[in-house]
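Colleague: Chain B: place on chain A using the hints.
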Amino acid sequence: MNYIYIGPFELKISQSANLRLPDGSDYAITIPEANILKTLNDNVELLISRKELEAAGWGEDSSIGVNSLAVAISNLRKVLKLGGIRIINEPKRGYKITFDNSIQFKKPDLNVKQKKTENTSVDNYKLIKISIILTTLFLSLFLSFYFLFSWVEVECSTVFNNDACYLKSEENELRKIKFKDDAKVYFVSPDHYVEVNDAK
Amino acid sequence: MMLNKVLALSILIFSIITTIIIYGVVNGAGCSYELDNVKTSVNTDTFLTCYRGKIVALHYQREGVAPTSFSTWKVEGRQLVFGKQVIYFVYDRNKISGGDDDNENDRYNRLSQGYKMFFYHFEISNGKAYIFQTFPKRNLVIGDIEGRISFFRK
Numbered sequence: 034m035n036y037i038y039i040g041p042f043e044l045k046i047s048q049s050a051n052l053r054l055p056d057g058s059d060y061a062i063t064i065p066e067a068n069i070l071k072t073l074n075d076n077v078e079l080l081i082s083r084k085e086l087e088a089a090g091w092g093e094d095s096s097i098g099v100n101s102l103a104v105a106i107s108n109l110r111k112v113l114k115l116g117g118i119r120i121i122n123e124p125k126r127g128y129k130i131t132f133d134n135s136i137q138f139k140k141p142d143l144n145v146k147q148k149k150t151e152n153t154s155v156d157n158y159k160l161i162k163i164s165i166i167l168t169t170l171f172l173s174l175f176l177s178f179y180f181l182f183s184w185v186e187v188e189c190s191t192v193f194n195n196d197a198c199y200l201k202s203e204e205n206e207l208r209k210i211k212f213k214d215d216a217k218v219y220f221v222s223p224d225h226y227v228e229v230n231d232a233k
Numbered sequence: 109m110m111l112n113k114v115l116a117l118s119i120l121i122f123s124i125i126t127t128i129i130i131y132g133v134v135n136g137a138g139c140s141y142e143l144d145n146v147k148t149s150v151n152t153d154t155f156l157t158c159y160r161g162k163i164v165a166l167h168y169q170r171e172g173v174a175p176t177s178f179s180t181w182k183v184e185g186r187q188l189v190f191g192k193q194v195i196y197f198v199y200d201r202n203k204i205s206g207g208d209d210d211n212e213n214d215r216y217n218r219l220s221q222g223y224k225m226f227f228y229h230f231e232i233s234n235g236k237a238y239i240f241q242t243f244p245k246r247n248l249v250i251g252d253i254e255g256r257i258s259f260f261r262k
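Protein chains in written order, with my numbering: chain A, 34 to 233; chain B, 109 to 262.
Just chain A, same shape as in the assembly (with noise of 0.2 Å):
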């Protein structure tokens, strides 16, 4: 697909072609129309030859009727004189374009548009990113304290001259027992303990 820029217009040749203003308004015209355009706006303020312009518009067909340019360059003038471009019949010589530098179209900003994809894919970027680290908060987090309130926690310590290991959250349970000398003991509750005599 080809983009032309003939003055304020654009020109968009592709299976069909068409003109469009920067107000967005757009207008089909032919091929052979827009090849005729384009032969023009490539030799801007120069004589063109009906010839050569029936060769940019049908090539070297020669079936073509006698007013088919007139009838292209008459189509393409009540498009072209909403942009204030005009194409002047000079008799027996041939056809230009001029443009009327006093319609003034606002042409596309290319610039904002490429800050405007700049700022999305920033935008995505920064999104991305968020997601990430909620991602992997929510993760650490769940499991961190998953494995944390999990967790058995037992401790070993000495406990009037014997080693006893015991649940954490059971500590201060441990003195309702009668500890036998020389014996290792395992303790969860006061009824539920073991008492290894060889261990020590």
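Misleading hints may appear alongside valid ones.
With a cut-off of at most 27 Å between alpha-carbon atoms, the simulated BS3-like pairs for lysine-lysine come out as follows [said to hold, decoys possible]:
no., chain 1, residue 1, chain 2, residue 2
1, B, 147, A, 217
2, B, 245, B, 162
3, B, 224, B, 236
4, A, 213, B, 192
5, A, 125, A, 71
6, B, 245, A, 209
7, B, 262, A, 217
8, A, 213, B, 147
9, A, 209, B, 236
10, B, 192, B, 182
11, B, 182, A, 213
12, A, 159, B, 113
13, B, 192, B, 162
14, A, 114, A, 84
15, A, 45, A, 129
16, B, 262, B, 162
17, A, 211, B, 245
18, B, 162, A, 217
19, A, 129, A, 114
20, B, 236, B, 262
21, B, 262, A, 201
These aren't lab readings, by the way, just hints derived from the structure by calculation.
Modeller: Same frame as chain A, now just chain B:
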């Protein structure tokens, strides 16, 4: 700039936690032990083996009135080891024999089916494992252990 610092910090924290968990998995993969005669209650016995981090346990109920009081459950999972803390990540728990009626063993295993991670503290002395647990209840179970629990602990 600030956002980048927070991002780096959160990734760092997550990496540290992940590394710790991976350490537990790798350390646990050094296991090669058998745990016998674990009396979890009056009528139930547990036998457990661990090899290269995979655990297979059998829960038996063999006492009481046959056949409803007889049942066997097979449990499979992976173990993570952090020092004396042994964590079983259970991914499969099935009844492999026994009737439809519930007994103590069935009830315990059916309830445990709702959980995947089980935390224990192992104290080992003279071939005996003294296993502390806080879930489903505070308990101390004793079994005969033979072999290596992890890479760094015999």
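Colleague: So which hints don't hold here, by number, going up?
Modeller: 11 and 18
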